[in-house]
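Using the sequences and the hints, build the whole thing.
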Amino acid sequence: MASAGVAPALQPHQVFEGNRPSMSLLLPSHDPFHLGQLLALYEHRVAVQVCQRKSLSQSHVNSQASNAADERAYLAPLAKR
621 MASAGVAPAL QPHQVFEGNR PSMSLLLPSH DPFHLGQLLA LYEHRVAVQV CQRKSLSQSH
681 VNSQASNAAD ERAYLAPLAK R
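Here the sequence shown stands for residues 621 to 701, numbered as in this note's numbering.
Check before you lean on any hint, since a few could be wrong.
Label-pair restraints from in silico Cβ distances [what the hints assert, rightly or not]:
(1) V668 to Q634: 24 to 30 Å
(2) R665 to F636: 17 to 23 Å
(3) P641 to L698: 48 to 54 Å
(4) R692 to P632: 57 to 63 Å
(5) V668 to A696: 40 to 46 Å
(6) E691 to L661: 30 to 36 Å
These are computed hints drawn from the structure, not numbers from a lab. From a predicted model like this one, the values you see are computed outputs, not experimental measurements. Using N, Cα and C, we set each Cβ at its ideal position, and we do this for glycine too.
In structure tokens:
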């Protein structure tokens, strides 16, 4: 931090413990245009998170479907009794 030219008094405020992502935004003014950009950024981040969750859970859905098919095949002879 010191090599980057950050003042010693500001260094504790620029370091986060652990692996937590963060983002700082500086808006030139609080007018409708810039607030709209901020809202669009938020919507984009939420959409990306939803897409990532769907792709991650897809393998779970597929494994559950194959498990259900295996269970039906196992139980089919028992149902004929």
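Structure-inconsistent hints, enumerated in ascending order: Checked against the structure, the only hint that fails is number 6, while the rest are satisfied.
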